[in-house]
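What follows is the residue order along each chain.
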Amino acid sequence: MIRFILIQNRAGKTRLAKWYMQFDDDEKQKLIEEVHAVVTVRDAKHTNFVEFRNFKIIYRRYAGLYFCICVDVSDNNLAYLEAIHNFVEVLNEYFHNVCELDLVFNFYKVYTVVDEMFLAGEIRETSQTKVLKQLLMLQSLE
Amino acid sequence: MALKMVKGSIDRMFDKNLQDLVRGIRNHKEDEAKYISQCIDEIKQELKQDNIAVKANAVCKLTYLQMLGYDISWAAFNIIEVMSASKFTFKRIGYLAASQCFHEGTDVIMLTTNQIRKDLSSPSQYDTGVALTGLSCFVTPDLARDLANDIMTLMSHTKPYIRKKAVLIMYKVFLRCPEALRPAFPRLKEKLEDPDPGVQSAAVNVICELARRNPKNYLSLAPLFFKLMTSSTNNWVLIKIIKLFGALTPLEPRLGKKLIEPLTNLIHSTSAMSLLYECVNTVIAVLISLSSGMPNHSASIQLCVQKLRILIEDSDQNLKYLGLLAMSKILRTHPKSVQAHKDLVLQCLDDKDESIRLRALDLLYGMVSKKNLVEIVRKLMSHVDKAEGTAYRDELLTKIIDICSQCNYQHVTNFQWYVSVLVELTQLEGTRHGHLLAAQMLDVAIRVKAIRKFAVAQMSALLDSAHLGAGGPQRNGICEVLYAAAWICGEFSEHLQEPQQTLEAMLRPKVTTLPGHIQAVYVQNVVKLYACILQQKEQAAEPEAAQDVTQLMVERLPQFVQSADLEVQERASCVLQLAKHIQKLQAKGVPVAEEVSALFAGELNPVAPKAQKKVPVPEGLDLDAWINEPPSDSESEDEKPKAIFHDEEPRHAKPRPPEAEEEELARRREARKQEQANNPFYIKSSPSPQKRYQDMPGVEHIPVVQIDLSVPLKVPGMPVSDQYVKLEEERKHRQRLEKDRRRKKKKDKDQKGRPRRHSMLHTESDEDVAPAQRVDIVTEEMPENALPSDEDDKDPNDPYRALDVDLDKPLADSEKLPVQKHRNAETTKSPEKEDVPVVEKKMKKPRKKEKKHREKERGKKEKGKEEKEGEDLDFWLSTAPLPAEAPAPEEPGVDAVIAAAKEEGEEPRGAGQGDEDGAEDAERNPEQKSSKHKKKKHKKEKEERTKDKKKPKKQQPPAHVQLLPPRRELLH
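Line by line, the protein sequences give chains A and B. Counting with my numbering, you get residues 1 to 142 for the letters of the first sequence. Counting with my numbering, you get residues 1001 to 1972 for the letters of the second sequence.
Some hints here could point you the wrong way.
Claimed, not checked - Mimicking DSBU-like on lysine-lysine, the simulated pairs with C-alpha atoms at most 35 Å apart in a straight line are: (1) B:LYS1329 to A:LYS109; (2) A:LYS109 to B:LYS1034; (3) B:LYS1329 to A:LYS30.
Claimed, not checked - Which stretches of chain B does chain A cover? Using the computed rule of at least three CB atoms under 8 Å from a CB of chain A, they are: (4) 1161-1170; (5) 1480-1494.
Claimed, not checked - Quick list of the computed label-pair ranges, beta carbon to beta carbon: (6) B:ASP1806 to A:GLY12: 43 to 53 Å; (7) B:ASP1031 to A:GLY12: 14 to 24 Å; (8) A:GLY12 to B:VAL1617: 49 to 59 Å; (9) A:ALA37 to B:ASN1628: 41 to 51 Å; (10) A:ASN54 to B:SER1298: 31 to 41 Å; (11) A:GLY12 to B:LYS1379: 46 to 56 Å; (12) A:ALA11 to B:ASN1408: 24 to 34 Å; (13) A:LYS30 to B:SER1597: 52 to 62 Å; (14) B:GLU1629 to A:ALA37: 42 to 52 Å; (15) B:PHE1088 to A:ALA37: 34 to 44 Å; (16) A:ASN54 to B:PHE1088: 30 to 40 Å; (17) A:ASN54 to B:VAL1617: 31 to 41 Å.
Since the hints were derived computationally from the structure, they do not count as laboratory data. Cβ coordinates follow ideal geometry from the N, Cα and C atoms, glycine included.
Construct the entire structure; sequences and hints are all you get.
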């Protein structure tokens, strides 16, 4: 299952941090820094997987943003790699050509997107159409 | 009132909204901390207002700050206020903040129970949804217990959207409240056959997660999952199911046999790499679970290895990595089939990505044999020279040692070669594994008697070279090998050619620059050498020479007496006095050698690493009891006062009843386990191969010293291990010739062939290589009457043990989930719990009956399964065709599956979720970019599939970077 999802930029600024395990605040910050340290040193020639403590991180870089998912060692790397891409495509669709600023100024919406696609550490919905429909519904409630 | 509202909205106009905050932070790059503390002050003011919109805005800003790493736990109560707002927009903000910052330690969290319950039962599915989502993040054991029943009800909600969420959250509830698992399980099982594919997949997810931890309880679901596997068209779900089967097969080999056919078919047919990879993994698990020697399965192994080779050869680094990873699993049981790809693995050692190189190294570990060890190590040594970056080089070093020392040096035929490799490795620049090398040298010298003479010669050369340790005072990690060198030369001094020379080398003034613990070993072993030399001189009747040696000792030892290290000083003082005393005796012409040697009489034997643990505890000894009164203020977790002592403690105001204490202890222990399990910082104690060395006698206290070595070490006159490669070749050649000759003879002699080594099976196998020296590895000593059990491998900290419960047992009354408003009743644990007869099925509890009834309506098969799960499984596993309830053919070919799927009006495999918009989305399942060559193969199939699709497949942008075009200027 997923332990946490992080979106960071190259400078290490957190753009999203979703935790599916309980940590206290110091631990969260430490994890964020550590993930940034292991992920940013890797270039395109490297795999998208990093072993990380008792887990592993599956990450993908889009422009200046790193999308990282931390999962159990026994989980399927490729499936989560695909899940990241799926997630980014939904963001792209939802924000119409997403860019980092969208994520910053609408950070709570990004969390909603995450919650629509992932829940309790599992992939909840993979259908982009369904997710987008749901997101529009939620938006209309505001 | 109206005035108040107007006032509120005017106030709001001056408040910062989130956008302002974000902009503000960007504009105050220099004094960000100051600006934010200013903002937090403003937020505190806003939180004091009555207007819920203002509060929500403030909480939203706080959530943003929390993400940046600021502490907002002080606002927990305000967050709850916003959570209980009636307007969805605000409620959502509240729940988001809560899910981001609440944890088990948050004390106000218990105030939320009723609010959450209200939201869960709200008529609006969005309120319910947001409450469920939030709950999944901050559920505590208390919340889990109180709300389990409510969530269970939601699992049968009319809206699939809610059902799905409720199902997924159940896993979190089980983790926090294991008692909920048994009552909730029947319904969870029902959800596997939910009409909505999304709910189905959620149930699969949860059960897979549960089953991975305690597979045996879920074995009875195998037929159901098998049916799902052969009917599902959603790759995400398939991956989960196949992974689940991977966990189940080790428990039930018959299941494996059933799986192998559909899985190999999937491997052939799928174009999704993730699915392919999962199938290969599970096939490997199946093959491991099946006893070897099944001829018809060698094809499956070949298929897997073949597919993996394709992955490893792929230019995509990810596939290469995963291929190597899976290959190492095959290696464990079928080394032969992997060894054929040695070339490929060696190639990967040159890869740019370190993680790929490390995987390749792992593989090499299992690929070595007596025959190729020397060659592989030579290859690795050449990589050691090339490797930039000490981390990787150190990894290589440990791998070389691991490879050679595995299974009691099983593959090392020539220990001279191995010792030279170790000595060569001491020339490494700035490694921090000096202690590893030292441990190996000690281990080999102690356990391989035949090598001692050679080892001693090498070690004395090391001591003599004095390059080690010269690099920098005390900071050279490699100087640890001198520890081993000195000990070996001392202990086995009878093998030394020139003991006098070595003695002088060990008494050089330079030695005093070494770390204290090494000097201490020097001093001790100087005496051993000295004793040996005395003996030799006295036997040769050279009293002057003997006196000279004593003189040397008396002259040189004072430099150690002055040492700042206590251990060195103490030993040196003793030895110096001893030498002076001997000097007096020698002056009188008394022979002393016998007595001095007697100091070191007897042989040291290696002790098995686990020996200490295996000593049985003598009767009447309680290891947990305190020997002394525990320090009164020790409240630290690992030294809790035991119940026996608490009344002796003056500080404990009121001695609590012992049961309470026990309970408390158990609770805390449980809490600690939980914490450790959830804590990624807690490195679980997996016995690494290196650990073994640390257990060796006398090495564990060697500290790891920082290395700072600028000059590469080159020891002149040191043997080069390469020379052994040639020697080894020659030796092998000779052996082969001889064997051929013998074989011929044998053939001539007796046609039947003797049942001994040479006549059997292998003509060219590893076992043919006879060791160069007689290797008598002294077995490690175990204490007398050691217990043979190997229980120490089990992990007592497994948090999932609580979830290991028998799911087929009927529910007892006491196990029912607490229903709303019965909070008090449920705390009294009914004593009848134990009395509930397990077997008596007639005594159905009312709830159960109800459920039964419902199930009956759902269909007979469900009921039948529940009643005699065990027999069913046996039946299912033993029969060739599937029983009626799982109509899928036992070994459906791909075409059959597709055809079957079409009949059911569903999208064919790989092409959808089964819902109307699934076609496009499930196309995402295959990793398009990674399987281009595959695609061609399956083009035809694809074309057929695409016909069914409503929308044409969206063109994937070639580079994913394009997905985030820099529309505006990107931050930072």
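Checked hints:
no.	hint	in the structure
1	B:LYS1329 to A:LYS109	violated (42 Å)
2	A:LYS109 to B:LYS1034	holds (28 Å)
3	B:LYS1329 to A:LYS30	holds (33 Å)
4	1161-1170	holds (count 5)
5	1480-1494	violated (count 0)
6	B:ASP1806 to A:GLY12: 43 to 53 Å	holds (48 Å)
7	B:ASP1031 to A:GLY12: 14 to 24 Å	holds (19 Å)
8	A:GLY12 to B:VAL1617: 49 to 59 Å	holds (52 Å)
9	A:ALA37 to B:ASN1628: 41 to 51 Å	holds (45 Å)
10	A:ASN54 to B:SER1298: 31 to 41 Å	holds (35 Å)
11	A:GLY12 to B:LYS1379: 46 to 56 Å	violated (39 Å)
12	A:ALA11 to B:ASN1408: 24 to 34 Å	violated (52 Å)
13	A:LYS30 to B:SER1597: 52 to 62 Å	holds (58 Å)
14	B:GLU1629 to A:ALA37: 42 to 52 Å	holds (47 Å)
15	B:PHE1088 to A:ALA37: 34 to 44 Å	holds (39 Å)
16	A:ASN54 to B:PHE1088: 30 to 40 Å	holds (38 Å)
17	A:ASN54 to B:VAL1617: 31 to 41 Å	holds (32 Å)
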